[in-house]
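Chemist: For reference, the chains in residue letters:
There are 2 protein chains.
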Amino acid sequence: MNELEKLFDRIAQRVNINLRELEFDVTPYIKGLVSFEKMVKFYAFYGVTPHHPLNFVFRHSNLAGSYFLGRCRTGNSILYKSDIRGDELKKQGAMVHYQGFDIPISKDEAIEIEDSFLIKTLVHNYSHDPETLELFFITNTISTHYANIHGSPTDGSFLGPFATVDLTTMNDCVIGAFSYIQAGEVNHLKIDPGTVWVRVPGVFNFLYRYPREALSPYISFEAGKAPRGALMDFVENRKKDFQLLFDVVNLPSSIKVPQNTSLDRFAVVKPKIHIDENVLVAQRAYLENSWLGKGANAQENCYIINSRLAGNDITAHGAKIIEADLDTTVFVGFNSFLHGRPESRITIGKECIIMPHTIMDSDEPLNLPPGHLAWGLIQNPADLEKNSIRMTDLSKVENKLSRGDLYFEGNGATFVRAFQERIHHILEANGAFFDGQKNRGHAQKNQNISFNTIQPYPEGDLQGMYPTILIQP
Amino acid sequence: MNELEKLFDRIAQRVNINLRELEFDVTPYIKGLVSFEKMVKFYAFYGVTPHHPLNFVFRHSNLAGSYFLGRCRTGNSILYKSDIRGDELKKQGAMVHYQGFDIPISKDEAIEIEDSFLIKTLVHNYSHDPETLELFFITNTISTHYANIHGSPTDGSFLGPFATVDLTTMNDCVIGAFSYIQAGEVNHLKIDPGTVWVRVPGVFNFLYRYPREALSPYISFEAGKAPRGALMDFVENRKKDFQLLFDVVNLPSSIKVPQNTSLDRFAVVKPKIHIDENVLVAQRAYLENSWLGKGANAQENCYIINSRLAGNDITAHGAKIIEADLDTTVFVGFNSFLHGRPESRITIGKECIIMPHTIMDSDEPLNLPPGHLAWGLIQNPADLEKNSIRMTDLSKVENKLSRGDLYFEGNGATFVRAFQERIHHILEANGAFFDGQKNRGHAQKNQNISFNTIQPYPEGDLQGMYPTILIQP
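As they're listed, the protein sequences go chains A and B.
Per our numbering, the first sequence starts with residue 1, numbered consecutively.
Per our numbering, the second sequence starts with residue 1, numbered consecutively.
Read the hints as simulated data drawn from the structure, not as lab findings.
Just to be clear, a hint being listed does not mean it is correct.
Any copy will do: because identical chains look the same in the list, a pair fits if it lies in one copy or spans two.
Below, simulated DSS-like cross-link-like pairs (lysine-lysine); rule was C-alpha separation at most 30 Å, straight line [unchecked claim]:
hint, residue 1, residue 2
1, Lys41, Lys270
2, Lys256, Lys240
3, Lys31, Lys225
4, Lys6, Lys91
5, Lys41, Lys240
6, Lys107, Lys91
7, Lys90, Lys445
8, Lys396, Lys239
9, Lys294, Lys438
Predicted, not measured: the structure shown is a model, and the values here were computed from it.
The following block holds chain A by itself, in its conformation from the complex:
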C-alpha cells in the first residue's frame, strides 16, 4: 500500500500549496477520513453503451467504488465511491454560443481528473467555461462526501461535505459544507458553510446564508472528525441497501418499467414504486414507496421516500424528498432536504422551484403554492412564508430584494427565466419529452448499459493502485 499512501500525501501537499494564500491546511480534515483499507476493498466500474462516446483512461489512481460513464480520464488521483459521468460532454464540431462569441468545439470534450482526491463526489455535465470548452478539468482538488462538481472546471480547491459548485470555474477556493456556488468564475475565495450563491455578474446576484447554529444539526464538519449531522445520518442509515447491488454482477430488475424509461441497475428500489413513461432513475438513486409520474427524474444520490411526483419533476443530484407531494414540473435542486413527516407532509404546487440546498423540515405541514420559488432553512410555515416568493413577483424585481437571510440584487425576471430555461433543458436532456421518436434523452439512452468492473492490485507495494486502463470505442 506504499504507493497509495505516497499518492495520498502528494495530493494533500498539492492542494495545500494551492490554498496557501487562504492559509488553509487540508491535512487535518482528510487524514483518516477514508481508511486505506476501504480504498483497497471496493471495485470500480464503467459503462459501455453505443449511445455515449466511450473513452476511459485511468492512470496511477485508486478508483474504489467509483462509477464512470462517457469520456473520463484520471491520473494520480483517488476517487472514492465517486460518480464521474462524462455522457453529456460536448462533441467535436459542436458550436457554443457565449455572449457575442460563436465558439467551435475543436475536439471531443473529456473530464480529466488529476492530482485530486474525491470522496463520494458527483462529477457531471460539461465545462461551462468558455475558456476551456474541450476540457472539464479537476486538478489539485479535494472534495468530501456528497459534494457536486457540476459543469465546473476546478483547480486547487477544497469542497466540504454536501458542497456544490455548479456552472462555475473555481481556482484556489475553499467551499464550506452545504454551500452552493453558481457564480461563473471564482478565485481565491473561502466560502462559509451554508452559503447559497447564484450570480451572473452585472445581471443578478442571489445570496443566502444559513445561520451557522441552525445548520450544524444538519451538517457540520470539523478538522479531525468525520462529517456529522442529520444529513449524514440519513444517508448512512440507508447505506446497507446499496450493498446488494454491488455484490452481484448482473442483477435482474426487481420491477418492470415502461419501454421509454430507464431504471439504473445500481439504484435501490424498495416497495412499492410506480414508475411511469420517460422516467430516468440514475445510479445511486434510492426509491421507496413512491410514485414517479411521466417524465419525472431521480438523479444520482437522491432519495424519494413515501412521496408522489406528479410528472416532469426534477429531483436533482443529492436531493431528498420524504413524505411529500409534488405537483407537475417541480424542480428540487441539488442536495435539498424536503423532510416531511407522515403527520406533517410537504405539498409543493405546480411549477415551483426549490432552490438548491434548501432544507424544509417542519413538525407542521408545509404547503408551497404553485409558481413559487423557495430557498434556505424552512422549519415551520412562517419560515416558508419568509423564504419563498411568487415567481411573478420576483420577476418584477428590478433592483434589489432583501428578505430574512436572503439578499437579491439585479433583474428578477432574468433570474427566473434563466432558471426556467434550465429546468426545461434538464427535462429535455433526461428524455422527459420523448414522444416515441423525437426528443430522446437519458431515460431512453441509458436503458441498457453494460457495466465492467475494475479492481486494484490486491497486494504488494502497488496494493490499492489500479493498473493503467484504456478503453476506447
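Go by the hints and put chain B onto chain A.
Modeler: Below, chain B alone, put in the same frame as chain A:
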C-alpha cells in the same frame, strides 16, 4: 449484432482459405455451434496481480465468458468461454537453449490471437517454437470445445473438440476430435480423431490411434451437429455448478486452505474436500469429495471426484479423475478420462504416467502398478495390460515397439526421461516444491488475484463487440 456476424463470417472465410489444400470447409462445423445470443450474454474477465506481467490489448473482438491472465492481445476474434493464460510467457532478457543455439529473448513475449474463433479452448504456457520465441500467435484458427493450444503457435488451423496441440507449431492443419499432437512442427496435415502422437524428429515417435467406433461413444463431431458423447455429457451435466461462481463479484472462499496453496475463486468446490500445502487449484477446476495431498494440482477444466491424490500429482488441463486412488507423483495428462466406479475403482501406483488423452473406463477394478506408463483406450484389465508398460522396460527400447494400436520407434529412454523432466518442471512451476522461501510457483503466486469484468456493447450495430481495451501495469 451486425458487426459480430460479419466478424464470424470473415474468420470462417480466412480459415477456409488456409485449409483449401486439405479441401476442408469449416462452415458446416461451426455454423450455429454457438449462438450469437450467447456471445452477447456472458462477461469476460482478466486478472490483476503484482506477480504476473500485465498487458492486455483487446480490439474488435467478442470475448464472451473468457478469462485472461498475463500478457494477451486479441484482434478480430471471437473467444467464447475460453481461457487465455499468459502468465508463463518468457520475459525480456531470458535465454532459451535450443539444440546448439542460445537464443536471447529480445522483448517480453505475448499471446496474440488474431482472426480466430476459439470455443472453450485453453491457451496456455509459452511459445516453444525457436523461430518465434517472443510471440505466441494464434491466427486464422478455429478451435472447438475443450481444445488445448498449449505452447503451440498456430496458424490457419481447425481443432475438433477435446483436441490438444502441445509444444507444436501448427500451420494449415485439421486436428480431429480428442487428438493429442506433440510433434515440434506440423504443416498441412489432416489428423484423424483420436490420434495420440508424440515425436521428436530423429529421436522418438509415439503414435497411437483410437479405433474409430470405440471412440465415438466418448466423443464424436459431425458437420451440422454439436459435439456428442460421454465426454460432452460429463461436462455438460456439471455446467450449472459453475454458474454461481460467475454471478457474484467477490465470492468468499467456501473452505479454508493452507497458506501456500492457491484455490481459484472460479473453481467449483463441493463437499468434502481436503486440500494440502502447495496445492494449485486453477479456475474452472471441479472438485468433489476428494483428497488433494501436498503439491498436487488441479488444472483448468479438470474434474476430480470421489478420488484421492496422495501428493505431487498432476491433473493436467481437462483431465477427469473419478473414483480413483493415485499414489504420489502420478501424472494424468491432458483430457484423460479416468472413469472409475464405486464398485470398480481405479488405482494408480507411484510415479505412473497416464499419457494425455487416455480413457480408462471399466466395470472391473483397474490397478496400474508403480512406475508404469499407460495410454489409449482401456476398458478392462486386459486392455490395461496391453496399453501399459513398466517405464524401466520402455527405457530399454532402442529401436521400436508395437503393441495393440500403439506404434513406438526410437529411443525409449529418451522418451521416458523427457516425460519425467517435464513432470518435474510442471510441479516446480506450480509451486509443489515451495519450502516457505524457495521454489515459489503458481500455488503461491495466484492466491490473491483481482478479477475485473468486461462486457460488450449491449445493443446496436456493435452489439456483442467489446470496446477497445488496453490494460497496462
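Chemist: If a hint holds in the structure, say so; if it doesn't, say that too.
Modeler: Now for the hints, and whether the structure bears them out:
1. Lys41 x Lys270: Answer is both: 26 Å inside a copy and 27 Å across each meet the 30 Å cutoff.
2. Lys256 x Lys240: both (23 Å within a copy, 27 Å between copies)
3. Lys31 x Lys225: Within. Shortest intra-copy distance 9 Å satisfies the 30 Å Cα cut-off; inter-copy 63 Å does not.
4. Lys6 x Lys91: between (36 Å within a copy, 29 Å between copies)
5. Lys41 x Lys240: Intra 16 Å, inter 29 Å, cutoff 30 Å: intra and inter.
6. Lys107 x Lys91: within (7 Å within a copy, 39 Å between copies)
7. Lys90 x Lys445: Within. Shortest intra-copy distance 17 Å satisfies the 30 Å Cα cut-off; inter-copy 45 Å does not.
8. Lys396 x Lys239: neither (45 Å within a copy, 72 Å between copies)
9. Lys294 x Lys438: Answer is within; shortest intra-copy Cα gap is 16 Å, inter-copy 67 Å.
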